[in-house]
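As given, the protein sequences belong to chains C and H, one line each in that order. According to my numbering, the residues represented by the first sequence are 64 to 606, in order. According to my numbering, the residues represented by the second sequence are 64 to 606, in order.
Careful, some of the hints might be misleading.
Given that identical chains are not distinguished, each listed pair holds provided it fits within a single copy or across any two copies.
Using 27 Å as the maximum straight-line C-alpha spacing, the simulated DSSO-like pairs for lysine-lysine come out as follows [said to hold, decoys possible]:
no., residue 1, residue 2
1, K442, K286
2, K326, K596
3, K372, K442
4, K431, K451
5, K459, K469
Calculated from the structure, these hints are not laboratory results.
2 protein chains.
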Amino acid sequence: RGRAMGRAVGLAGLLVGLFLVPAVLVSTSLRHGAPRTEPTPEPAAWELAWDPVPEDSLWPLPQGLRTSRRQLRLVPARFQLVHGAGSSAGPDCGLLQDAFRRYYEYMFGQSRRGKRGRRPLGAQAEPELSQLQVVIESREPGCDSYPHLASSEAYHLTVAEPVAILKAVEVWGALRGLETFSQLVHENDYGSFLVNESEIDDFPRFAHRGILLDTSRHYLPLKSILTNLDAMAFNKFNVLHWHIVDDQSFPYQSIYFPELSDKGAYSYNHIYTPTDVHLVIEYARLRGIRVIPEFDTPGHTQSWGKGQKDLLTPCYNGEQPTGSFGPVNPILNTTYDFMTKFFKEISSVFPDAYIHLGGDEVNFDCWKSNPEVNEFMKKQGFGIDYAKLESYYIQKILDIVSSYNKGYMVWQEVFDNKAQLKPDTVVEVWMENNYAHELSSVTGAGFTAILAAPWYLDYISYGQDWKKYYSVEPLNFPGCEKQKKLLIGGEACLWGEFVDATNLTPRLWPRASAVGERLWSSRNVTNLQDAYKRLTNHRCRML
Amino acid sequence: RGRAMGRAVGLAGLLVGLFLVPAVLVSTSLRHGAPRTEPTPEPAAWELAWDPVPEDSLWPLPQGLRTSRRQLRLVPARFQLVHGAGSSAGPDCGLLQDAFRRYYEYMFGQSRRGKRGRRPLGAQAEPELSQLQVVIESREPGCDSYPHLASSEAYHLTVAEPVAILKAVEVWGALRGLETFSQLVHENDYGSFLVNESEIDDFPRFAHRGILLDTSRHYLPLKSILTNLDAMAFNKFNVLHWHIVDDQSFPYQSIYFPELSDKGAYSYNHIYTPTDVHLVIEYARLRGIRVIPEFDTPGHTQSWGKGQKDLLTPCYNGEQPTGSFGPVNPILNTTYDFMTKFFKEISSVFPDAYIHLGGDEVNFDCWKSNPEVNEFMKKQGFGIDYAKLESYYIQKILDIVSSYNKGYMVWQEVFDNKAQLKPDTVVEVWMENNYAHELSSVTGAGFTAILAAPWYLDYISYGQDWKKYYSVEPLNFPGCEKQKKLLIGGEACLWGEFVDATNLTPRLWPRASAVGERLWSSRNVTNLQDAYKRLTNHRCRML
């Protein structure tokens, strides 16, 4: 009756323990998966099945990795995260200071000291690692700026006696390296913190590695969003795609148009105030995460209509208005006046260079039913091609947003419907059916693409579906090298129909971790068994 | 892209509010779903879509229900839960005292007072309800006993000015009635607690309404189990089927055989001590919930083998033992000596009249490989029918457990394999394929049955699968009236392969609530739309 299909990603990690091994420096591998040549020593007392190979706990796997069996000891009372000599960042770099505090806490805050056994008599003490020195090499470290698409996340980490050195061009790479360093540090059963001598050279495979959260179908309290940003940092994600409003509710509290959330949110409490929004953006920035808000139009806008009169198209039954409303009304000047002002606000509230403008799933029925819309169609010479009307609308929105010096992301329909797009537009491919072909078309037309289609994580099923997400190869679509370069990343999407604060975290993590490694690590990191072992440990650490 | 399939069971409930209505006493319905004749007054300020009909918040729906539009007010500072005149239980009934405290907290502890609007000027004050008087009618109220299969859970609740009266034969019915009463009480936007005048006559359709938790595939911390018991009480479940050990781990700390968990648990911390077990049993008892432990043999016992030498069958490859082990070794006297002592302990630790003995999914390969087993088969005249050997083993276990005056539950294979069962044996039907036919066979042979097959809630899928669980009609199997009476209930099973403390609650609830109503409410309570509305409110209250 119970199906013994193998254990879930789960408890195994709780049994992690490490044993003292002879201190011999041996390069085991530059590429994970290479044979490990040293004999594994026997576990001492506990029947711990864990093979204490340091890369067993790394997620996502670094691009280049050289580890040794030689272990160093970190003494929490003495170990320090510091700015290294020659770094362009110093104690006035709030972002790094905050990261030092945070990672110190991750490494030493959950100590099991005193709960386990005592150190065996006569055991040798490991040499001590006293510091991690962080060196930022660029003259502009980025302490007070926002991460962006072209930010460098590369880092080089050397862990050796007596100090570890983490070098990065910008602070964003340092954040990724701090995460990796913290993953290397582990506590043994005797309460000692150990790290293997290692050298890591790492950088992301794709520049855009996103998580989509939907705060319209269900409201998500601020705490859920922040917790998710923490989890994203643990997995080296760097974009929060915030699908903030939709048909069901409008929780974004606008400064210019407060009625939108007054009338369109689930309640006066189920909103994001300007302070909330700012807090999310800053919390994300401190973790090297961009926040790209999505204000999806002209469809998916029922909630907008509650607080903004005449914004939506009135639907008709013959000659009579039905009282229902369809997509944004594309034929009124007042619509564009509103959007001009609204996106001026959005462009200023959200610092990222991109805004997601949606543009998906526009239902034409209401437009078709409306006599004034049809008259407009005739006048414009659109015939009965409502996709042209949609493009007419989108074009105007794109132009508005461009005028604020913002780039835009759109769902694939906007491309499919042949709107004129700026060359730096990012087209997000979401339709599962033949998405490789769509990637080929989008990049073939010279546009930048990101892939979401195979990573709709709100779709759940029994068992270890992370393997399905993990096994996707994003570049596996027809196209030349130049086209492949135009695929800049992907997103794991957690639509909110069945997600709220009660299940967000366990539903998204560690399943999204699979996408995280796929977007960060080298293309040839595909071994499921190896991934399973590391993911198990990684989940335990995240818990 | 976002699929607007209708909102999840979710937020709607957070918007619950009630408005003052003219005080006119009208019987609306004796059966839920009958037409409601009063006009609904217009909501005042907020656009609250909720129709303030009291039964909109009841789950599971009571058998008989008469409600009025007339509302009474409860003032927390004055309202009391008390023992009524003529009750056989009084202030020395710890179980009821604890329940009074608990339900007072549920009703008034989460007050939103002060967070919402002010009471409109000139609004009329409702008459006050000052007490809920609880009257236990049996001379043996049951305050210090354990609930059992034949316990009465019926109750009669009258809510009228100036006091509400809850009558029940035993305390178990009072617990159910307290839950119902607490579901009737709601807070309006002005911080007033209101209840509609009502009369409820209620009793369960089935006597056995269980939740199976599996603490072997993943360990569940005590807190998860207790939280689940709370949720069970909110849904009038009355059996915790505790699948406590299995192949993967043996967290039960045995008094006689401590090695079983020392060696067979995931760690020294991942165990249930005798104190833990006692705590679960008592916490359950106070909520009218039986705890039936399952110690599944002879299969599903890998973890037993670690701490009990020679208990499992050594598997062979030709002449050579492989070092692996199969099911419990049924040919050794030491096996039965062990089981005699072990089940003596279990019979004494767990007060319930039933123990679940498992007996499912026995793999014969190892027995087949073992020369001594085969010799034994020959001697016993079993030929090559290993099902006979299984029955031989089970029979002995059943006899052992019977000798301790315990009844037993078994999985359906034990019946299918024709072991001789005591007449009061409960056969649990779990195989999904044609379970109606199996119910027919089991009850046709005169045995009591419970149904689990359609309610394996660890199987997840996208969307509102609660409807599938809700739409099961347990008595829809071929058989005469007498057979139907032998189906005494069902269980929602949450196997633990992919469940641990991080996802137990949101995965099980409110999906299991669907099973709860199916097993409690009248057969004709089947309207999905009505259920959805009530379930939404119920989920909100549980949160």
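Verification of the hints:
1. K442 x K286: neither (51 Å within a copy, 68 Å between copies)
2. K326 x K596: For K326 and K596, only the inter-copy Cα distance (23 Å) is at most 27 Å; the intra-copy one is 49 Å.
3. K372 x K442: Within. Shortest intra-copy distance 25 Å satisfies the 27 Å Cα cut-off; inter-copy 89 Å does not.
4. K431 x K451: Only inside one copy: K431 and K451 sit 13 Å apart there, 73 Å across copies, limit 27 Å.
5. K459 x K469: within (14 Å within a copy, 77 Å between copies)
Hint compliance for this structure: hint 1 alone is broken.
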